[in-house]
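Given the structure of chain S, go ahead and fit chain Y onto it with the hints provided.
These protein sequence lines map, in sequence, to chains S and Y. Take 1 as the starting number for the first sequence in the working numbering and just add one per residue. Take 1 as the starting number for the second sequence in the working numbering and just add one per residue.
Don't read these hints as lab results, they were simulated from the structure. Hints should not be assumed to be uniformly reliable.
To be verified - Derived lysine-lysine pairs resembling DSSO-like cross-links, with alpha carbons at most 30 Å apart:
| # | chain 1 | residue 1 | chain 2 | residue 2 |
| --- | --- | --- | --- | --- |
| 1 | Y | 127 | Y | 171 |
| 2 | Y | 300 | S | 127 |
| 3 | S | 127 | S | 171 |
| 4 | S | 372 | S | 296 |
| 5 | Y | 127 | S | 300 |
| 6 | Y | 296 | Y | 171 |
What the hints assert, rightly or not - Per label pair, the in silico range of CB-to-CB distance:
| # | chain 1 | residue 1 | chain 2 | residue 2 | range |
| --- | --- | --- | --- | --- | --- |
| 7 | Y | 48 | S | 365 | 58 to 68 Å |
| 8 | S | 379 | Y | 102 | 47 to 57 Å |
| 9 | Y | 45 | S | 369 | 33 to 43 Å |
Just so it is clear, CB atoms sit at the ideal spot from N, CA and C, and this is done for glycine as well.
Next come the chains, spelled out residue by residue.
2 protein chains.
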Amino acid sequence: MLTFTLAGSDGRARAGLITTARGVIHTPQFMPVGTLGTVKAITPEELEALGAEIVLGNTYHLHLRPGEDVVAALGGLHRFMHWARPILTDSGGYQVFSLAALNRVDEEGVTFRNHLDGARVFLSPEKAIAIQQALGSDIQMCLDELVALPAEPARLQAALERTARWAARCKAAFREGVTAQEGAGALPPAGGPSLFGIVQGGTVLELRRQSAEQLQDIGFDGYAIGGLTVGEDRDAFSATLAHTAPLLPVQQPRYLMGAGEPEDLLEAIGAGIDLFDCVLPTRNARNGSLFTRRGKVSIKQVRHQRDAGPLDPECACPTCRNYSRGYLRHLFQSGEILAMRLNTLHNLHFYLSLMREARQAVLAGRYAAWAKAFLETYRSG
Amino acid sequence: MLTFTLAGSDGRARAGLITTARGVIHTPQFMPVGTLGTVKAITPEELEALGAEIVLGNTYHLHLRPGEDVVAALGGLHRFMHWARPILTDSGGYQVFSLAALNRVDEEGVTFRNHLDGARVFLSPEKAIAIQQALGSDIQMCLDELVALPAEPARLQAALERTARWAARCKAAFREGVTAQEGAGALPPAGGPSLFGIVQGGTVLELRRQSAEQLQDIGFDGYAIGGLTVGEDRDAFSATLAHTAPLLPVQQPRYLMGAGEPEDLLEAIGAGIDLFDCVLPTRNARNGSLFTRRGKVSIKQVRHQRDAGPLDPECACPTCRNYSRGYLRHLFQSGEILAMRLNTLHNLHFYLSLMREARQAVLAGRYAAWAKAFLETYRSG
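Isolated chain S (complex conformation):
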């Protein structure tokens, strides 16, 4: 089980330490997404060198391929992917609602046809936990019911109440599973996994309050905010975030799921969020969209063809130290695998550095000024 220590705060922004059996996570922290047991294009050694402290694994994807039984037979997700530090797994719920052909949602769980071969799959709170425990992740997530926005408040309310009932079932299944694993000596010596609840409620502030209270009544090791950056407008995002983050316990980690634009991350840190995950840095990298101090660069553009300078002169990543923009453009235009690698290294370095700098700014009591200056430069490109 994790512990969370506040190292400092600045306004609502926090700098903390999450201690798990597999290592410490300095917050605010960004979790690179390792969908199928690999952060696409790079190795665990490269992740470590970039300073990554935790990665995210996707329960939905790993359940379908190779299956949690295979991962367990190969020693669990850490050994499988050769990553000894903490792993957070999601519940699979988001992918079921976004990728799969949804078949039926009822009180028992979700039935869907998967996106690979259309086979029917059933996911319940208990099953979502069982999969995550077979994977052996350090932070596990409750299965929640997602509602596509815009939605009627009544629909949102029904979903968040089901989310709370499912959260209680997840917690019971989680405890039972941990007890069984403890009995079998299958947990790390330093302690077992943690479980996070997920606050829903769309952009209706009163529903967010209800959801946050219901989940805290059940009691979790940390709390996530789900259902944001799913297409709502900027003001609704800001208002919901600013309203919801302070409803979560100060002494536990807070995780904003799926948000990824640098602007969103800085705003969320300012609102008191500690953890983030998003495919944006890795997916954009593979599409040739690269994050620099002065904004995004589309590396395929012909203006980079003979540019012998680095992608970002202010960047210390291996890509910027060793390669020119002209070479990066050539690799990308030629569809070379090395393009995906070098671009991914750079974008993740950007995100992980952003978190380190934000943390330093919080600890130095100058978060707002730092964030403002960062965004001014970022938008100036």
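The following block gives chain Y in isolation, referenced to the frame of chain S:
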């Protein structure tokens, strides 16, 4: 210009040292193929860690994409791809004859439509050299005329005589280019590039003798055998190799172009060959075909699914040290980029280790016994 020193020999097998301005190459040596300014899927740092001492760049591919003018503007091929050690470039001839839609071959050169967009391109001996000198490679190759086998001896003879005339033009263009680069201070301080001639003649032994003599009359820094492993049967390969290698100067490097099966390499080393290049280890890696001490392994097979052991228990490469067969299969089946990386690392490690062991066996005077034992194990899988 390179120098070649024999460190030892065993029968016809040789262990040597090629010294170039950019570093030493221990022979026998395998050159990983870096078609478009990158050995597909891996970095120069990884190549160094694997012990690679020289890589091959493809003149045809780099001429089309990004163009030698772009590479030159970005500091030459070494700086472009961040590889400071020796590079050999081919002449482009093989790709013209194998990939492009051939339009016309006459005494002046070759006109073809390229494989990317069908645009018409002209390649002559002078142009092949000019491109290689713009790229800045350390070992450059003459443009030769290739003939598809089987072919009439008269056709083969005409081609090898044109090859000799083209070789003389290549040498003249090479000298002129080097002199101009020297004048411009554009060569490495330790010395300029070298030029190799290519022996042709199909599987007609008398024609191979003629070609070898004609090229030595012109005089090159090293000699390659072209036009083998292009579909001829095993006996013809062996007979041509055994006949041709001893026709080449003892005091200069000998390079068998394009041969790649481990059996072929060991036979060629036994015949006195020093250098090899082939896409086999890297291309097979990307197709999931992996070389082990006990033969090739198709990693996609379901029998590997729950195999927690390494791909090759006798292998010290990063892939075998850190990952299970089950994980490698999962990555490959999921189309993950990491599959291409880990497989390529392993296969190149296999080839480069094979060369190191062969060299040690030559120096120890036990090459034939070592090769026999290696092949027995290799075929036992």
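Hints versus structure:
no., hint, verdict
1, Y:127 to Y:171, "12 Å, holds"
2, Y:300 to S:127, "29 Å, holds"
3, S:127 to S:171, "12 Å, holds"
4, S:372 to S:296, "18 Å, holds"
5, Y:127 to S:300, "29 Å, holds"
6, Y:296 to Y:171, "41 Å, violated"
7, Y:48 to S:365: 58 to 68 Å, "45 Å, violated"
8, S:379 to Y:102: 47 to 57 Å, "53 Å, holds"
9, Y:45 to S:369: 33 to 43 Å, "39 Å, holds"
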